[in-house]
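K.L.:
Going down the list, the protein sequences come from chains A and B.
Everything in the first sequence is counted per the working numbering, starting at 14 for the first residue and increasing by one.
Everything in the second sequence is counted per the working numbering, starting at 14 for the first residue and increasing by one.
The hints are simulated quantities; they were obtained by calculation from the structure and are not laboratory data.
Careful: at least some of the hints might be erroneous.
Heads up, the list lumps identical chains together, so a pair's fine if it works in one copy or across two of them.
Listed next, the in silico EDC-like pairs over lysine to aspartate or glutamate satisfying Cα-Cα at most 16 angstroms (straight line) [as the list claims (entries may be wrong)]: (1) LYS165 to ASP115; (2) LYS23 to GLU279; (3) LYS161 to GLU62; (4) LYS129 to GLU269; (5) LYS214 to ASP338; (6) LYS289 to GLU72; (7) LYS289 to GLU193; (8) LYS157 to GLU229; (9) LYS290 to ASP192; (10) LYS98 to ASP70; (11) LYS292 to GLU193; (12) LYS289 to GLU190; (13) LYS23 to GLU269.
2 protein chains.
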Amino acid sequence: MKSKISELKKKIKNLESLIDASLVFSSTLDIDALLDIILQKAEELMDAEASSVFRIDEEKNELYFITARGEKGKEVKEIRIPMGKGIVGWVAQHKKPLLVPDVTKDPRWFSGVDKKTKFVTRSILAVPLMVKGKIIGVAEVLNKRGNKKFTKEDLEVYSALANQMAIAIENASLYKELDELFLSSIRAIVEAIDAKDPYTKGHSARVVEYALLIGEGMKLDKEGLKDLELSAVLHDVGKIGIPDRILSKPGLLNSEEYNYMKRHPEFGAEIVGPIKKLKNLVPNILHHHEKYDGTGYPMGLKGKNIPMGARVIAIADSFDAMTSDRPYRPKMQTDEAIAEIKKNRRTQFDPEIVDIFIKALQKHFP
Amino acid sequence: MKSKISELKKKIKNLESLIDASLVFSSTLDIDALLDIILQKAEELMDAEASSVFRIDEEKNELYFITARGEKGKEVKEIRIPMGKGIVGWVAQHKKPLLVPDVTKDPRWFSGVDKKTKFVTRSILAVPLMVKGKIIGVAEVLNKRGNKKFTKEDLEVYSALANQMAIAIENASLYKELDELFLSSIRAIVEAIDAKDPYTKGHSARVVEYALLIGEGMKLDKEGLKDLELSAVLHDVGKIGIPDRILSKPGLLNSEEYNYMKRHPEFGAEIVGPIKKLKNLVPNILHHHEKYDGTGYPMGLKGKNIPMGARVIAIADSFDAMTSDRPYRPKMQTDEAIAEIKKNRRTQFDPEIVDIFIKALQKHFP
C-alpha cells in the first residue's frame, strides 16, 4: 500500500513537471530563446550532463544540431549526421525513442561527435520529435548525473517531454518563417524600386547591412536591431512617389527637381504611418536626411533630437551613396569615403555613431 | 489508505487531462480553430453545458466575447461587458477565479446576456486568462451537466486549464498580428504604386475585394482564400518596372508603349519569384492577363490551362478597370460593366467564374 502511494506521488510529481514545462515552452515564440529553455529544462528534469536538439534537413536526408548548450556549442553546429547513422540517426529513421545505458556496448554508437567536442558520452536517451505524425527532429540527453544510468522511467518522462518540445519548436519555427516572409517580401519590392534607377540598384540592401553593422557596434538588443533593419529597408520607400524623370535623371537635379526629391522621406512616412505596428519606425524614415548641425530636411532637427535610428541610417545611406557610381561622378574608394564621413563628423553626422561605424567597418572589411 | 489512493488516482487523471489539453491547444496557431478547440475542451473537461472566452478591449475598458459555441454564437458576439460589471467583469477586475454555484443568489450576476440569448444560466465558473502576469481575458463555463454544481476542485482544474488556454491564445494572437502586419505592409506599398497614377488609385485594393467575393462564391478554403488575396494584392506589383511616361500617360498608349506595358506581369513574377514561400502565387501574377480563348499574354494560355487564381483576378481586374475613369473614357456603370463581362464570357473570361462573380456581385451590391 505504502509503496503504491509513493509510486503514485512520484507520478504526480512527474506530471506536474511536464505541465510546468509545457507552460515554460509556450512562453516564447522566439526560436533561439526557446531552444535555450528546452535544453535547460531537459537537463534539469532528466538530471543530465548535456542535452541537444537536432532537426532534419529533408533535402539532404541529414540531421543537424540546431542547438547545444555550453562551450562546445560552436563546434557541434557544423556537425551533420546522415539519416540512419549513429544513435540519433537511428531514432530519426525508426521514429522510436532509444535508451542506451552504455554507449560503448551499442554497435550503433558513433563516436565522431565526441572526438570533435572532447565530451565523453557514457549513456544516451534519445527521442524523436513528432508533430502531427511527422518527425521534425530528434532530442537527446547525455550522461545521467552522479554516474547513474538512465532508466526506463526516464525514457517515459523524456518521451512525454519530447511531445511538448516538438510542438513548441514547430510553433516558434512557423512564427520565424512568417517573420522572414514578411521581411523578404518588403525587401523584394523595395529592391525593385531601387532597380528602377541602375545607379541605386541594391542600395537599400547595402544600407541595411551598414546600419546593422552600426547597430551591433552599439550593442542594440535583438528588438532594437530588428527595428533598425526594418527602418533601413524602408528608408527610401517614399521614392515610389518621386517621378522617374527626377528619380532617374542622368545628371544633377535642378533646384525645383531637388526640392521635389527632398520630399521622399515624407512620402515614406505617409506610406508606413498608417500601419499601426510600424508606427515606431516612422521617425527613422522621416528624419534620415536630417543633419547633426540642424541643416538637414525635412524639419531641420539637431543633434540628439534626431531619432537614433535616423542618425544611424544617415551615415549608412551616405556611405553607400559615396561608394556607388553616380551619372555625374564615379564612386569613391572605401578609404576616401571614410575620410569624407570623418570630415562631416559633428556637422552632418552624429560623431559617436561615426566612430562606431568606422571601427565596425575596419573590423569587417579590413 | 484506499481513499488516499483513489484521491491520488483522480489527481493523476486530472493532470493527464491537462497535459493532453496543452498539446491540443498548442497544435494550431490559427486563432479561430484554437478558440473552437478551447471551448470544446473546456466543456468536455468541466462537464459544462456551455463555455465562452472574453478578451479585454484596453482602450474602452470593456470585455467582449471572442467566441461562443453553438447557435447563440452570433448574438453574443455583439455583447460588450464593462470592466467590473457582472461575474466576468468582476473576474477581469480582480484577476481572481470565481465559483458561483447559484447565480440567482449572487448580487454580481448580470442577466443581460441570458435575456439576449435565451440561455438559462444556473452556475458559473469564471477564471482570468493571465500571460506573464498580465490579464488578457476571462474564460467561463456555464451549468455543470446533470443539474450538478461546480465544485472547488472544478475551480482548481479550470484554473490550471486557464493557464494553458491563455498562453495558446496569446501565441495564436501574436501569429495573427504578424500575419496582418505582413499583409498590411505589402498593401501599403502596393497602394502607393497604384497612387502614382491618379486613375489607378485604390485599384489593387478593389481587385482584392472582387477576387475574394469570387473566392467565397467558389467556396475556397481559408488557405485558398489567403493565397488568392495575396495574389490579388500583388497582381500589379510589376508596374514598379514600367516607366511613368507609360504608366501615367494621359491618353491611349502607342503600340511600342503598349508592348512595354504588357511586360508588367513578367516583372511582377520576377519580383515575387525569389521569395520561396510565395512561389505558388507566381502563376497567378504572371498569367492574370491571359484570355480564356488563348489570345491573352504573356503566354497565350487557354481555358483551364490558365491557373485558377489568374482566371479569377482577370475578371476582378477587368471589372475594376471598366468601373473606373480613364483619361480617355469615363467609367461604366455597374450594370454596363456586368453586361460587358457577360459578353466576354468564354472569349476573355472563364464562363463558370463569370457566373459566380455576377451572382456574388448581385448578392453583395444589389
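K.L.:
Against this structure, judge whether each hint is valid.
P.N.:
Status of the hints after comparison with the structure:
no., hint, result
1, LYS165 to ASP115, "within (14 angstroms within a copy, 48 angstroms between copies)"
2, LYS23 to GLU279, "neither (65 angstroms within a copy, 65 angstroms between copies)"
3, LYS161 to GLU62, "within (11 angstroms within a copy, 51 angstroms between copies)"
4, LYS129 to GLU269, "neither (65 angstroms within a copy, 64 angstroms between copies)"
5, LYS214 to ASP338, "within (11 angstroms within a copy, 34 angstroms between copies)"
6, LYS289 to GLU72, "between (39 angstroms within a copy, 15 angstroms between copies)"
7, LYS289 to GLU193, "between (19 angstroms within a copy, 10 angstroms between copies)"
8, LYS157 to GLU229, "neither (39 angstroms within a copy, 57 angstroms between copies)"
9, LYS290 to ASP192, "both (13 angstroms within a copy, 11 angstroms between copies)"
10, LYS98 to ASP70, "within (14 angstroms within a copy, 54 angstroms between copies)"
11, LYS292 to GLU193, "between (20 angstroms within a copy, 14 angstroms between copies)"
12, LYS289 to GLU190, "between (22 angstroms within a copy, 11 angstroms between copies)"
13, LYS23 to GLU269, "neither (80 angstroms within a copy, 81 angstroms between copies)"
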